[in-house]
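Engineer: Listed here are the chains, written in short residue letters.
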Amino acid sequence: MKNLHVDLELPLDRFTLRTEFVATASVTGLFGPSGAGKTSVLETIVGLRPEASGRIAFDDEVWFDSKRSLRVRTEDRGIGYVPQDSLLFPHWDVRANLLAGSRRSIEAGVDPAPVLAGVIDALELTSLLERSVTTLSGGERRRVAIGRALGSAPRMLLLDEPLASLDLPLRRRLLPMLRRVCTELTVPMLLVSHEPLEIQALCDEVVALDRGRTLAQGPPATVLTDPRVFPLAESSGLANVLAGRVIDTVGDIGRIAVGGAGGGGLEIVASPVAAAAGADVLIELPVNQILIAVERPNGLSARNLWPAVVRTIEPRGALALVTAEPTGGGEPLIVELTEATPAELDLAPGRAIHLVFKATSCRVYGGRDPEPDG
Amino acid sequence: MLPVLVLTLRVAALATLGVAVPAVAFGYLLARRRFPGHRVLSALVGLPLVLPPTAVGFLLLRLLASKGPLGRETLGFDIGVLLTWKAAVLAAAVMSLPLVARTARVAFEAVDPRLEAMGRTLGYGPVETFRRITLPLAARGLAAGVLLGFTRALGEFGATVIVAGNIPGRTRTLASAIFSAQQAGASGRADALIAVALVTGFLAILVAELLSDRQGGGR
Numbered sequence: 001m002k003n004l005h006v007d008l009e010l011p012l013d014r015f016t017l018r019t020e021f022v023a024t025a026s027v028t029g030l031f032g033p034s035g036a037g038k039t040s041v042l043e044t045i046v047g048l049r050p051e052a053s054g055r056i057a058f059d060d061e062v063w064f065d066s067k068r069s070l071r072v073r074t075e076d077r078g079i080g081y082v083p084q085d086s087l088l089f090p091h092w093d094v095r096a097n098l099l100a101g102s103r104r105s106i107e108a109g110v111d112p113a114p115v116l117a118g119v120i121d122a123l124e125l126t127s128l129l130e131r132s133v134t135t136l137s138g139g140e141r142r143r144v145a146i147g148r149a150l151g152s153a154p155r156m157l158l159l160d161e162p163l164a165s166l167d168l169p170l171r172r173r174l175l176p177m178l179r180r181v182c183t184e185l186t187v188p189m190l191l192v193s194h195e196p197l198e199i200q201a202l203c204d205e206v207v208a209l210d211r212g213r214t215l216a217q218g219p220p221a222t223v224l225t226d227p228r229v230f231p232l233a234e235s236s237g238l239a240n241v242l243a244g245r246v247i248d249t250v251g252d253i254g255r256i257a258v259g260g261a262g263g264g265g266l267e268i269v270a271s272p273v274a275a276a277a278g279a280d281v282l283i284e285l286p287v288n289q290i291l292i293a294v295e296r297p298n299g300l301s302a303r304n305l306w307p308a309v310v311r312t313i314e315p316r317g318a319l320a321l322v323t324a325e326p327t328g329g330g331e332p333l334i335v336e337l338t339e340a341t342p343a344e345l346d347l348a349p350g351r352a353i354h355l356v357f358k359a360t361s362c363r364v365y366g367g368r369d370p371e372p373d374g
Numbered sequence: 375m376l377p378v379l380v381l382t383l384r385v386a387a388l389a390t391l392g393v394a395v396p397a398v399a400f401g402y403l404l405a406r407r408r409f410p411g412h413r414v415l416s417a418l419v420g421l422p423l424v425l426p427p428t429a430v431g432f433l434l435l436r437l438l439a440s441k442g443p444l445g446r447e448t449l450g451f452d453i454g455v456l457l458t459w460k461a462a463v464l465a466a467a468v469m470s471l472p473l474v475a476r477t478a479r480v481a482f483e484a485v486d487p488r489l490e491a492m493g494r495t496l497g498y499g500p501v502e503t504f505r506r507i508t509l510p511l512a513a514r515g516l517a518a519g520v521l522l523g524f525t526r527a528l529g530e531f532g533a534t535v536i537v538a539g540n541i542p543g544r545t546r547t548l549a550s551a552i553f554s555a556q557q558a559g560a561s562g563r564a565d566a567l568i569a570v571a572l573v574t575g576f577l578a579i580l581v582a583e584l585l586s587d588r589q590g591g592g593r
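Just so you know, the sequences run in chain order H and Y.
Going by the working numbering, 180 is the number at position 180 of the first sequence; the sequence numbering is gapless.
Going by the working numbering, 522 is the number at position 148 of the second sequence; the sequence numbering is gapless.
Keep in mind that the hints were calculated from the coordinates and are not lab data.
Quick caveat, the model's predicted, so the values are computed rather than measured.
You may find that some hints are simply not true.
Claimed, not checked - Computed from the model, here is a short list of chain H residues facing chain Y with C-beta under 8 Å: (1) Leu48; (2) Ile79; (3) Tyr81; (4) Leu87; (5) His91; (6) Gly101; (7) Arg103; (8) Arg104; (9) Ala122; (10) Glu124; (11) Ser152.
Stated by the list, open to error - Simulated restraints on C-beta separations: (12) H/Thr135 with Y/Glu502: 43 to 51 Å; (13) H/Asp85 with Y/Leu449: 52 to 60 Å; (14) Y/Pro510 with H/Pro169: 51 to 59 Å; (15) H/Asp65 with Y/Pro510: 29 to 37 Å; (16) Y/Arg406 with H/Asp85: 15 to 23 Å; (17) Y/Glu502 with H/Thr24: 45 to 53 Å; (18) Y/Leu391 with H/Arg14: 48 to 56 Å.
Stated by the list, open to error - Just so you have them, the derived chain H footprint on chain Y, three or more residues with Cβ under 8 Å: (19) 484-492; (20) 496-502.
For glycine and all other residues, C-beta sits at the position ideal for the given N, C-alpha and C.
One chain only, chain Y, in its complex shape (with noise of 0.2 Å):
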């Protein structure tokens, strides 16, 4: 049971870890910036949360076969991620992305862009206007986001038994465990890892909630 809750959480972690940056570049892109492409955009990162999570499972598959993009035929060498926890690592981050950029975006947005444009007649470049005026103003909204991104991660399952298969040991996260027990009738063993699932997923929530309720206090 606690190398399952370990794995699982390791593997959330990283996952987000990994998704956050370019997940809240994405909102910040699409909260500030007009460019040609910028609904297309918007769909694309938004996809994982419509398709099947086995479609995004079998598309990341193909990507990383040994004759797809990034696979051993097509590099020259096997960079070794298919049926590891890299794979769940993988598979985690890319459904948690468009949850995590869209709750990035929204934090961008309610920051008021004339506090922007204070900060530039006070002298800040744009980098200096991100640093001080928008990141600090999107704060909580951005955690909020990855906190919610991280939990989307906890439980991801279609996506992750595919490319990463069901491994005891090696792959098997809380979500697959619950899902070899129920298949196996362990239905005690099913409800402990249920069990184990709905603290940390409350937690998680519960200050993700936390987060977003202040946001904007301030304004």
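Chain H on its own, in the form it takes in the complex (with noise of 0.2 Å):
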């Protein structure tokens, strides 16, 4: 996997960004709030804003570098770009908009039309491919500029934002064909996002940008518990996330093996659950929505109840962030406390607790779908 280095100074209206980041995994997250200077620093990479200063390298190969008055014109970088507001050209129609980069699919020695295919496939694009892109909803119109960027044979793809202001049963829908596209590609990926979901669902690692300065760097689940970036975060609440296969279903409830093929066996049991038996999803469990009991508890109504240790604990201002490990396997669960609870229970690392969670705490992504788009 090839490295991007990015050494930047960019004067922005209310502060001047200078961030450092060297973005080594397939996918690696920029998080911050809005207003962090996220998009600005994409656009940089891209060649779009001529006033930065710094240096940016994929891999040996410089593409600015201010010292040396060296600047390689966007068109020649090689990078697909995936604004925020899509960006569709108005005047194609959604199969011309995919095309768009073929010719430079086809420079770089990539025959187009089997890696379009994937992507209509991948992006479910079948069926918009005559549309006009100005009749397409928010989220086709996400799908194709995603589509679009990959038809272009990039060396690599920058995404802005790619699940904002979709509404959540979009979100269901274009999440998991998300991770499938970031699995599945080759192509090092940087994701800029301001939702702690979309960087746990889709990045191996994560850098956290606040006011142009990073203040954080390494994999999502450590850099979104530091206590710089925690806070950051707290607007749209930090949650657990999980990737697990669904058992079986009855009505909308449904029982979901999470942990991976080593997990040893752990079940959630979730609702609603739009996906069949054997789909793969993602679950997010919230981090204030899950208590702990010190000793098992009886006669509870919530449907989840898993045996863990406790890992670390670690104060947050106000709260307590807790990590714990289930018992049966599988990655550590992150539960917030209030600063005061974790003394009060006397919680320390080893021991062993009780996770408690409802069904309806667990927003299950994937699946079939569950609305039509639009």
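Hints given; two lone chains; assemble the complex.
Structural biologist: Shown next as structure tokens:
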């Protein structure tokens, strides 16, 4: 995987953005609140901000170096860019938009036909091909924009808030599609988001940015719970994101196996679940929706009760974050408590506890279409 | 009557053809580039719109007169424009340039520059971006501007009469024919000419309106 080296200084309206990071993962997230300068970073990488200074290199290929007055033109960088407002070409239909970058693809020695066929399949664009882009809904536009960028055989893909301003049913559809695109493609991606969920569901690594400064870089779970980063996520709320597979459903309620192949049979009961048995889904479980019980509770209405072991307890302002590892296996879960609670419950690393959460606290993404797009 | 109309349409069409490319280029330059003298160029291009047409005609006359920069004595040969239909074309072109350039500028300004930037990210160079993105998106506005220029050229009188004169059968257009008919007291002939002018002008401006209505509908 090629590395993107970014070292930038860019004067913005309210502050000067100064950031330095190396994107080494296959999907790197750029996380921060609105107005942190994330979009400006993407635009500079693409080459659309001539006022920037610094250095941008893609492996040993320098795209921009203000000290050497070196600037590779946007069209020669080979970046696929998906801006937040999609910016489809209004004078072309969906098919023509998807084909917009095919010449570059051919020049790069990549036959665009199979690539586009895969993109059309992964993003479910078949029924849209003949449509005029002016009649598309927000989610459809986003998908076409991603497809258009991928159709140009990009060496890197930049996504700006791919799920922002879409409603929940749409996110439920688009998030798994994006995940498929992320895992199936060998194109490194840089994804901007102010939503922890997107970062956790899609990124291998994340760079946190606030008011133009890099705060932290590392795996999503580590960075998002970092004392400087955690407060930035609070408005949209931090959640545990788990990948799972539907075991069966009864009405709206579904049983989902989580923890991967070697997960050891952990099971979540969630509602509503729109996916059919066997479907791969993502489960979003907000950190403030999990209860901790120091003894096994009885006669509880909550459907999920997991034995676990406390790993860490960290104060975060008026709150405390407890990391607990389910004894059934799988990834540790983060639980948000008020600051004094861990002491009152006598919680300490190594202590056995029970995690309790309701079926309706779990938001399940993926599976069949819960609602038509539009 | 018919030869007058034919000559008028021919002069206006040739003037429009001649002015379209430079006016669109000016419009693009003013809409998309920032350079020293931007405002000065903008004012210069707009000048024929605010000057009395006769003043423009007189300036053209000075330019083409035998001792002028493009005259017989300066060039060493006669380019043979003055008092011919070519002079009428030149006058109409100069007078309609600001209208076409301004409409073109507005049409280009209505194209979101970020769409052009998207073209660049998909591998288009500046020329290809212009050809595949900017030009098609501005096309309706440009067409409306060119039509507007054509209507302006149809009715051109002040500058035309000075450089091309008002020679029956050679340089007499609708506008000068109406003037002559009125001077000669032939009001019936003037009425007929005005009716022709009304119909052609109305049709041209109607089409221009239709085109500009649809501009931007796709954004």
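Engineer: None of the hints should be skipped; say for each whether it holds.
Structural biologist: Right, here's what the structure says about each hint:
no. : hint                               : verdict
1   : Leu48                              : holds, 5 Å
2   : Ile79                              : holds, 6 Å
3   : Tyr81                              : holds, 4 Å
4   : Leu87                              : holds, 5 Å
5   : His91                              : holds, 5 Å
6   : Gly101                             : holds, 4 Å
7   : Arg103                             : holds, 7 Å
8   : Arg104                             : holds, 3 Å
9   : Ala122                             : violated, 19 Å
10  : Glu124                             : violated, 22 Å
11  : Ser152                             : holds, 5 Å
12  : H/Thr135 with Y/Glu502: 43 to 51 Å : violated, 27 Å
13  : H/Asp85 with Y/Leu449: 52 to 60 Å  : holds, 56 Å
14  : Y/Pro510 with H/Pro169: 51 to 59 Å : violated, 35 Å
15  : H/Asp65 with Y/Pro510: 29 to 37 Å  : holds, 36 Å
16  : Y/Arg406 with H/Asp85: 15 to 23 Å  : holds, 21 Å
17  : Y/Glu502 with H/Thr24: 45 to 53 Å  : violated, 34 Å
18  : Y/Leu391 with H/Arg14: 48 to 56 Å  : holds, 51 Å
19  : 484-492                            : holds (count 5)
20  : 496-502                            : holds (count 4)
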